[in-house]
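Chain B: place on chain A using the hints.
Chains as they are written, first to last, in the working numbering: chain A, 1 to 175; chain B, 1 to 282.
In case anyone wonders, no lab produced these hints; they're calculated from the structure. Quick caveat: nothing in here was measured; it's all calculated off a predicted structure. C-beta: ideal position from N, C-alpha, C; glycine also. Incorrect hints may appear among the rest.
As the list claims (entries may be wrong) - The following label-pair restraints were derived from C-beta to C-beta distances:
{"no.": "1", "chain 1": "B", "residue 1": "A78", "chain 2": "A", "residue 2": "R56", "range": "36 to 42 Å"}
{"no.": "2", "chain 1": "B", "residue 1": "L231", "chain 2": "A", "residue 2": "L14", "range": "29 to 35 Å"}
{"no.": "3", "chain 1": "A", "residue 1": "F141", "chain 2": "B", "residue 2": "V198", "range": "32 to 38 Å"}
{"no.": "4", "chain 1": "A", "residue 1": "M111", "chain 2": "B", "residue 2": "R45", "range": "17 to 23 Å"}
{"no.": "5", "chain 1": "B", "residue 1": "A168", "chain 2": "A", "residue 2": "T5", "range": "28 to 34 Å"}
{"no.": "6", "chain 1": "B", "residue 1": "L65", "chain 2": "A", "residue 2": "P83", "range": "36 to 42 Å"}
{"no.": "7", "chain 1": "B", "residue 1": "D37", "chain 2": "A", "residue 2": "R56", "range": "28 to 34 Å"}
{"no.": "8", "chain 1": "B", "residue 1": "K201", "chain 2": "A", "residue 2": "P74", "range": "35 to 41 Å"}
{"no.": "9", "chain 1": "A", "residue 1": "R157", "chain 2": "B", "residue 2": "N69", "range": "33 to 39 Å"}
{"no.": "10", "chain 1": "A", "residue 1": "F172", "chain 2": "B", "residue 2": "R55", "range": "25 to 31 Å"}
{"no.": "11", "chain 1": "A", "residue 1": "R157", "chain 2": "B", "residue 2": "L30", "range": "31 to 37 Å"}
{"no.": "12", "chain 1": "B", "residue 1": "V84", "chain 2": "A", "residue 2": "L86", "range": "21 to 27 Å"}
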Amino acid sequence: MYPLTVIDYSIIGLFGLWFLLSISVQFLLKRTPALSILRMLGLIPAWSFFSPESPRGDFILCFRDRLINSDITPWYEVKIGKPRTLLCGIWNPDQRVGKCVFDITRELMKMPDYEGNKENIELISRTPPYLTFVNYLSCRFLHPSTKERQFCLVLSRGLDEKTYTPIFVSLFHEI
Amino acid sequence: MTTTLDYELAIRLVECLAAVGVIISSAEFLSNREIFDDTNFMGWRVAQLHHPILRNEPLGKFLTLVNKNTLVHLLIVARILAAVALFFASYQQHLLRFIFDATIAFSLMALMVRATYGRDGADKMTLIIFVAISISLVSGSKLATKACLFFIAGQACLSYFATGFAKAISQRWRKGKALIDIMSTSLWGNQNIAKMLVTRKWLALLITYSVITFELMFPLVLVVPPRIALLFLSVGALFHLANAFAMGLNCFLWAFVATYPAVLYTSGSISQYLSLHISSNL
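For reference, chain B alone in the conformation it holds in the complex:
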């Protein structure tokens, strides 16, 4: 076995898993929609302060016009509908999928501008996924789809590696203190876990070094045999599941696990290439 996933199935899995995250995060936004009020953290008046291009004429005036809260709410509703519709599309329906994917990508990007504060890695990864798929659907060719899968896999590897690297160069992380700090917060923490880690420093160190090692080694998933890649990704999925329940990072689970079919496809393609290349040289 060299390739574990067909490219059509891989891209559809990426789309659908990411769509679940889109539905959840969009519904969360709607349940908290006062956050877009002018006197709230994602108000347009606040967002405009962040970049001169958002205030300059004529773009600033146009954006102010389209950033009415009702329109923003409608955009989020459109995003939910597009995400639901994606489940009913088939791989061959390129135009329909392009419309749904591009709607989600546009809506996510528009909200990125509003959400200068409060956005997280899950939002960014989801955006990258839907923009990349929309671009690949402009052509709709087999090659564009494969390039898109390689790109998403590359972004996933980069995100894990960069994060692992940032942790590895931090003294606080290396001493296991950062994990205790995070677990002690009410925003991402868990008092019971924090207390357990305070009394068992070795456990804090073990978890910290496991996470750093996993994140730094993640890019290797592309060159190991597919069965090991699958095992690696299972560990990743469990890691995100644990983060969802222990830290409340529910949308990270969908955004990052959505990249896994692309990673698995890329890993399989590289393995296939390497085995062909090596066997032809023997």
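Excised from the complex, chain A in its bound form:
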């Protein structure tokens, strides 16, 4: 056994503390603001992998435009990614984009003010997930006569016969 240095002690202490924090975050300190920076950096993740709430379908992002002449276009679906093949077990770049839409929608659905209180959409419209979709759609698929744009999220479920349920409709935003 060789003599331990201060650095060795510090490293062991750091690993110990980090591990204790990691355990705490799983079961006790999930929302502690003091740890928000460490969570943002991904150093103390709360492991959950599709649990306890599992995804119940696909979230589809749609948009429609109000044109200069006040006409409103039909809803268009934003196609994200391509259908998966066996190769995706090795190389799967599209999943990242799909996961973004999934994460943003999940965060939007967690907004406590939304359900049953449509006035609060104004408040929601200033939140990161909402602004992310507005930002994403603000420069895509533009028509020369587009004046304003609205987005909605649809939950698609089922196998052969799919059901489509609108779960969120935004305000119109000037483009």
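What follows is chain B alone, placed relative to chain A:
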């Protein structure tokens, strides 16, 4: 046989397996690099909304300056180069390995800030691995390396156990419905598997309970004899391989299997300690 892996080999295996995942996920990012545009899901304007510290002066201003897309792309390229270089380093080259590991850790952490949306468990486990190895290389001592292996093994056990626990307390999981739900999605699912599970509910339940049991029991891998630990980890590797092809979770395979040499080393060390302790007490 008490210990199956030498600590030098174990840490190098962790590094190299995780590096494969880093190369794949980084190349995926580069093939999809428009995702970092300001009007896309990982744009800096969006990322800044998530934490006040990212908007406050002077840090916010500095971060805006360094978060130019070209720099982010270069950082990802640097990460790939560092990951490739790791394969050619030897255990004794502490400084070189520190440079490569720290480059990967810094790049992953920087991207964590950008990728508030779209990041997954594989990214987080990979980050933990490279930050932990970088820390251990500050000292480079045998003890720091062993502590790092114990830590990575602990994180692996924690991740499986916490996930199993979360599934076990969910009614939807216990009824086997969650698995069918996930398999019915286009993002992670597989229509053929979903249809098979819908018609054979017993199979959905069998898979669900096998997964929950495996995840909850994973920490036991540290205290069972190394041969059983190896068998347990083989099942884990097959589980991740199946997830890669059935669910498209390709990077999870590398990130989590990369922790296995650390788990095996820790398991061997605990077995050795227990056998010495028990035999000295007899």
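*So which of the earlier hints does this model not fit?*
The structure breaks only hint 5.
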